[in-house]
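Asker: Read off the chains here:
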Amino acid sequence: MMRRIGIGAVCAIAIAAVSAAQTPARFGIGRPATPEEIAARDIDIGPDGAGLPPGRGTAADGAPIYAARCAGCHGKTGKEGPNDVLVGRLPGDEFTFARDPKAPKTIGSYWPYATTVFDYIRRAMPPDKPGSLKDEEVYNLTAYLLALNDLIPADAVIDAASLPKVKMPAHDRFKPDTRTERPGRPGRPGGPGRSRGPGR
Amino acid sequence: MKVSRRDLLAGAAGVVALGATTATQPPEAPADPTKVRGRPSRALGQRAPSEKPQRQPRGATSSGTPHQDLCGTITPSDLHFERHHGGVPDIDPKSYSLLIHGMVERPMMFTLADLKRFPAVSRVHFLECSGNFGGRGAATDLTPQQIAGLTSTSEWTGVPLATLFREVGVRPQATWFLAEGGDAAVLTRSIPVAKALDDALIAYGQNGEAIRPEQGYPARLFLPGWEGNSNVKWLRRIELSDRPFMTREETSKYTEPMADGSARMFSFLMDARSLITYPAYPVTLTRGWIEINGIAWTGSGRIARVDVSTDGGATWTAAKLQEPVLPKAHTRFRHLWNWSGGDAVIMSRASDETGYAQPTREALIKSRGVSSVGYHINPITGWRVRPDGTVVYHAEPWS
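Chains as they are written, first to last, in numbering that gives the first Met the number 0: chain A, 0 to 199; chain B, 0 to 398.
Please keep in mind that the hints were generated in silico from the structure rather than gathered at the bench.
A portion of the hints provided could be inaccurate.
To be verified - Here are the computed lysine-lysine pairs in the DSSO-like style, where the Cα-Cα straight-line distance is at most 27 Å:
no., chain 1, residue 1, chain 2, residue 2
1, A, K174, B, K34
2, B, K319, A, K166
3, B, K252, A, K128
As the list claims (entries may be wrong) - One side only, chain B facing chain A, incomplete, derived with CB under 10 Å:
no., residue
4, G86
5, P92
6, S96
7, D113
8, V167
9, G168
10, K252
11, S266
Stated by the list, open to error - Computed Cβ-Cβ distance ranges for the label pairs, DEER-style:
no., chain 1, residue 1, chain 2, residue 2, range
12, B, P75, A, P90, 33 to 41 Å
13, B, G136, A, D60, 40 to 48 Å
14, A, P52, B, V344, 54 to 62 Å
Cβ coordinates follow ideal geometry from the N, Cα and C atoms, glycine included.
Bound-form chain A, shown alone (with noise of 0.2 Å):
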């Protein structure tokens, strides 16, 4: 009896060192990223700022810019369209979208962060040519855009400290989403109770 017992336990052991090496912290595979590589992709803007170029722009400089590269799409003072919408705040700064179909989402009266204009026109913009404005064309062109939504002084100077500090409209109206949070769930303590029937 102990003999087979002490069998057993070998071959436990046995298992478990197997299922170890089948799982290793690490395999090994791939490479290490160079830091060109990553500064060839690393072109997101934070927040915060973080990752913004060197460069400033101005209003009166992208003017021209946004007339050539721009306004086919989105009007000639960025509220005709046909395509979205960028210019324009709602009366009071009010946040009327879930009961208004009519009131556009601009860079006024919807965008949170100042810093995602610069980004996202860097990234994909214009579609005709996407990624092809030069770091100090998009700098103008965010300050045009922030100054027609009078987000900035026509004269303003938009560079990497100055973007991140513009003040939006609707940067306190966003909210994480809470539909699956309820007490004494792990990580989300005393949230407001899962909705369990009607819509959410």
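Chain B: place on chain A using the hints.
Answerer: Then chain B, alone, in the frame of chain A:
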């Protein structure tokens, strides 16, 4: 028998028309296939000539799955819905690489071959665009494809993201990661690290073969149960951080204005929903036994039950769920109905294992506001069966 000039002309026109179409039409099936030797083997299979399911493009940036033409739960890969923001890119799998950097011990590059060397998993999951609701207007000539074509189910194969995160050594303070696509939109979304450690995949397989270009070839992020946009396709980069990045797709887009004057962001979870796919527009019914069936799905685990009503929501009966009921996957439901020929509205209501029940249109409007109709719209949806057997979408005003 007298043959008029008119008949002759009509006959000739018919022959000409037939001649013009035979070039593009498959050969006609013989009257008795047992008396004609069939065609030889071939390298690539094709659908039967009379089966012509099609995705339905909405503009240049999306196309929906024809649910009315499908059965079961798996969506054929060439009918999986598509949605993209900069077109479908052509990516050379030999030069593809995925960079993982930021708050990690070892920033690393992985080729497609590298990704395939890691231990893999295969899982059946739905994927749904959060803008998947096409039934707001007064139109009643809408198919299931037009109402909810932007959801599909595939078997996805790939490497768990948790495995790659161990490989690069994600630092403890990293709570979010940025996922970035290699398409012309260079689309970016911020995702909680907790999802990576739960069930996220870097997927390169779809229904047993390489992912289709429209679904992110050669590799994509796959987040089971979470809104389509966050499942970044053509994935080229992951950056670990201690905060979200506030990209355009998670601020200006893919957020929901709420009735209380706020906007909901990072609303990843796709809530439970169902849709009857038969009978539905544009079929015409004949009286008698009908198996009502459709699909139900939820981002919160498994579908627990689907109730069907054939009297406009007055009474409900539990439908049969086709086994196996898989978590975060389309589930087929079936309900027998003996239609006697009267006017009827049929509808379905899904509930998931967390107790969440698919809401009514009214409940959604109450919580979300009448004009918050772009994303995460999952109301109970019905079809109207008219006495003549025609079936149309049961349109209700969104107000």
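Asker: Against chain A, is G86(B) within 10 Å by beta-carbon distance?
Answerer: With Cβ-Cβ at 9 Å, under 10 Å, it holds.
Asker: Hint S266(B) vs chain A: min CB-CB distance below 10 Å?
Answerer: 4 Å, holds
Asker: Indicate whether the distance between the beta carbons of G136(B) and D60(A) respects the range 40 to 48 Å.
Answerer: Given a distance of about 44 Å, which is inside 40 to 48 Å, the answer is holds.
Asker: Minimum Cβ distance from P92(B) to chain A below 10 Å?
Answerer: Check failed: Cβ of P92(B) comes no nearer than 16 Å to chain A, outside 10 Å.
Asker: For a C-alpha distance cap of 27 Å, please report whether K174(A) and K34(B) respect it.
Answerer: Answer violated: K174(A) to K34(B) is near 70 Å, above 27 Å.
Asker: Taking the beta carbons of P52(A) and V344(B), is their distance inside 54 to 62 Å?
Answerer: 59 Å, holds
Asker: Quick check on the hint: D113(B) CB to chain A CB, less than 10 Å?
Answerer: Where the cut-off is 10 Å and the nearest Cβ of chain A is about 5 Å from D113(B), the hint holds.
Asker: Have a go at the S96(B) hint: is there a Cβ in chain A nearer than 10 Å to its own Cβ?
Answerer: 8 Å, holds
Asker: Hint check: K252(B) vs K128(A), CA-CA at most 27 Å. Holds or violated?
Answerer: Holds: K252(B) and K128(A) sit about 22 Å apart, inside 27 Å.
Asker: With a cut-off of 10 Å on the beta carbons, see whether K252(B) makes it to chain A.
Answerer: This interface hint holds because 9 Å falls under the 10 Å limit.
Asker: Hint check: is the beta carbon of G168(B) less than 10 Å from a beta carbon of chain A?
Answerer: It holds, given that the least Cβ distance between G168(B) and chain A is near 8 Å, below 10 Å.
Asker: With a cut-off of 10 Å, does the beta carbon of V167(B) approach a beta carbon of chain A closely enough for the hint to hold?
Answerer: The hint holds - V167(B) has a Cβ within 10 Å of chain A, the shortest such distance being about 8 Å.
In the structure shown, a violation is registered for the earlier hints numbered 1, 2, 5 and 12, in ascending order.
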